[in-house]
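Novice: With chain A fixed as given, assemble chain B onto it according to the hints.
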Amino acid sequence: SQQGEEDPQALSIQEGENATMNCSYKTSINNLQWYRQNSGRGLVHLILIRSNEREKHSGRLRVTLDTSKKSSSLLITASRAADTASYFCATGDYKLSFGAGTTVTVRA
Amino acid sequence: GAGVSQSPRYKVAKRGQDVALRCDPISGHVSLFWYQQALGQGPEFLTYFQNEAQLDKSGLPSDRFFAERPEGSVSTLKIQRTQQEDSAVYLCASSLAEYNEQFFGPGTRLTVL
Chain A
34 SQQGEEDPQA LSIQEGENAT MNCSYKTSIN NLQWYRQNSG RGLVHLILIR SNEREKHSGR
94 LRVTLDTSKK SSSLLITASR AADTASYFCA TGDYKLSFGA GTTVTVRA
Chain B
173 GAGVSQSPRY KVAKRGQDVA LRCDPISGHV SLFWYQQALG QGPEFLTYFQ NEAQLDKSGL
233 PSDRFFAERP EGSVSTLKIQ RTQQEDSAVY LCASSLAEYN EQFFGPGTRL TVL
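Protein sequences, first through last, are from chains A and B. Here our numbering is used: the first residue of the first sequence is 34, the next is one more, and so on. Here our numbering is used: the first residue of the second sequence is 173, the next is one more, and so on.
Please note that the accuracy of each hint is not assured.
To be verified - Listed next, the in silico DSSO-like pairs over lysine-lysine satisfying Cα-Cα at most 30 Å (straight line):
no.: 1; chain 1: A; residue 1: K59; chain 2: B; residue 2: K229
no.: 2; chain 1: A; residue 1: K102; chain 2: A; residue 2: K59
no.: 3; chain 1: A; residue 1: K89; chain 2: A; residue 2: K59
no.: 4; chain 1: B; residue 1: K183; chain 2: B; residue 2: K229
no.: 5; chain 1: A; residue 1: K103; chain 2: B; residue 2: K229
no.: 6; chain 1: A; residue 1: K103; chain 2: A; residue 2: K128
no.: 7; chain 1: B; residue 1: K183; chain 2: A; residue 2: K128
no.: 8; chain 1: A; residue 1: K102; chain 2: A; residue 2: K89
no.: 9; chain 1: B; residue 1: K229; chain 2: A; residue 2: K128
no.: 10; chain 1: A; residue 1: K103; chain 2: A; residue 2: K59
no.: 11; chain 1: B; residue 1: K250; chain 2: B; residue 2: K183
no.: 12; chain 1: B; residue 1: K250; chain 2: A; residue 2: K128
no.: 13; chain 1: A; residue 1: K102; chain 2: A; residue 2: K128
no.: 14; chain 1: A; residue 1: K128; chain 2: A; residue 2: K59
no.: 15; chain 1: B; residue 1: K186; chain 2: B; residue 2: K250
Stated by the list, open to error - A few chain B residues that face chain A, going by a derived Cβ cut-off under 7 Å, partial list only:
no.: 16; residue: Q213
no.: 17; residue: G214
no.: 18; residue: P215
no.: 19; residue: F238
no.: 20; residue: E240
no.: 21; residue: G244
no.: 22; residue: E270
no.: 23; residue: Y271
no.: 24; residue: F276
no.: 25; residue: G277
no.: 26; residue: G279
Source of the hints: derived by calculation from the structure; they are not laboratory data. In this text, all values refer to a predicted model and were calculated from it rather than measured experimentally. A virtual CB, placed ideally from N, CA and C, is assigned to each residue, including glycine.
For reference, chain A alone in the conformation it holds in the complex (with noise of 0.2 Å):
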């Protein structure tokens, strides 16, 4: 069974723009991870946010955290064609569990 939920499920944008995806989540948590899956490639790890942390930025990333409200935004900013790919909430302590995925394209 999958706790996180990403929304929207599928989101296109130009080179340049931003992308926003969102991930909401059933019960309490210690932290909230996101992780990018290219095509046919593993999960690689973007950024990890404790539940004390309303946020969190790395690079052009910038992740929210909302523990009344479940739920978490991942924002892509300046985004380019590399960052075409599937992104993935999770959470849980060491057996994570993940959403089903925002898929984003980034159109030259």
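Specialist: Here is chain B on its own, set in the frame of chain A:
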């Protein structure tokens, strides 16, 4: 190598065959995880090792699935009498310790005909 490696990358099996999927974790990583990813879905947890001990196998779908890590390094996921519903990508991940960031391998895509 620097990352987690898995072999084979692709496996086609006839229904009823047994398969063995291998995972080489990052050297020194104590924790090792297996996940199953169906097409269009996120990965789902199968099992977890700390060194050679299998501490959690709650995600294994049936007793046809068996995993081992006898020397606390390389791990093998074995599926006996494969069924069509076993078709998926099997991902292995390792981490320095139980609650650290997990590093994933490229996966093995299993197709059962």
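Novice: Each hint should be assessed against the structure and marked as holding or not.
Specialist: Cross-check of the supplied hints:
1. A:K59 x B:K229: holds (23 Å)
2. A:K102 x A:K59: holds (10 Å)
3. A:K89 x A:K59: Judged against 30 Å, a Cα distance of about 21 Å means the pair holds.
4. B:K183 x B:K229: holds (23 Å)
5. A:K103 x B:K229: holds (27 Å)
6. A:K103 x A:K128: Holds, at about 19 Å.
7. B:K183 x A:K128: OK: B:K183 and A:K128 at ~26 Å, within 30 Å.
8. A:K102 x A:K89: Holds, because 17 Å separates the two Cα atoms, which is no more than 30 Å.
9. B:K229 x A:K128: holds (10 Å)
10. A:K103 x A:K59: At roughly 7 Å apart (the allowed maximum being 30 Å), A:K59 and A:K103 satisfy the hint.
11. B:K250 x B:K183: Distance of about 13 Å is within 30 Å: holds.
12. B:K250 x A:K128: holds (20 Å)
13. A:K102 x A:K128: holds (22 Å)
14. A:K128 x A:K59: holds (15 Å)
15. B:K186 x B:K250: Between B:K186 and B:K250 the Cα gap is close to 15 Å, so the pair holds against 30 Å.
16. Q213: holds (5 Å)
17. G214: With a minimum Cβ separation of about 3 Å from chain A (threshold 7 Å), the hint on B:G214 holds.
18. P215: B:P215 check passes; min Cβ-Cβ to chain A is 5 Å, inside 7 Å.
19. F238: Not OK, violated: B:F238 not within 7 Å of chain A, min 19 Å.
20. E240: violated (19 Å)
21. G244: violated (17 Å)
22. E270: Because about 5 Å separates B:E270 from the closest Cβ in chain A, which is inside the 7 Å limit, the hint holds.
23. Y271: holds (5 Å)
24. F276: holds (4 Å)
25. G277: holds (5 Å)
26. G279: holds (6 Å)
Going down the numbered hints, you'll see the structure goes against 19, 20, 21, while the others check out.
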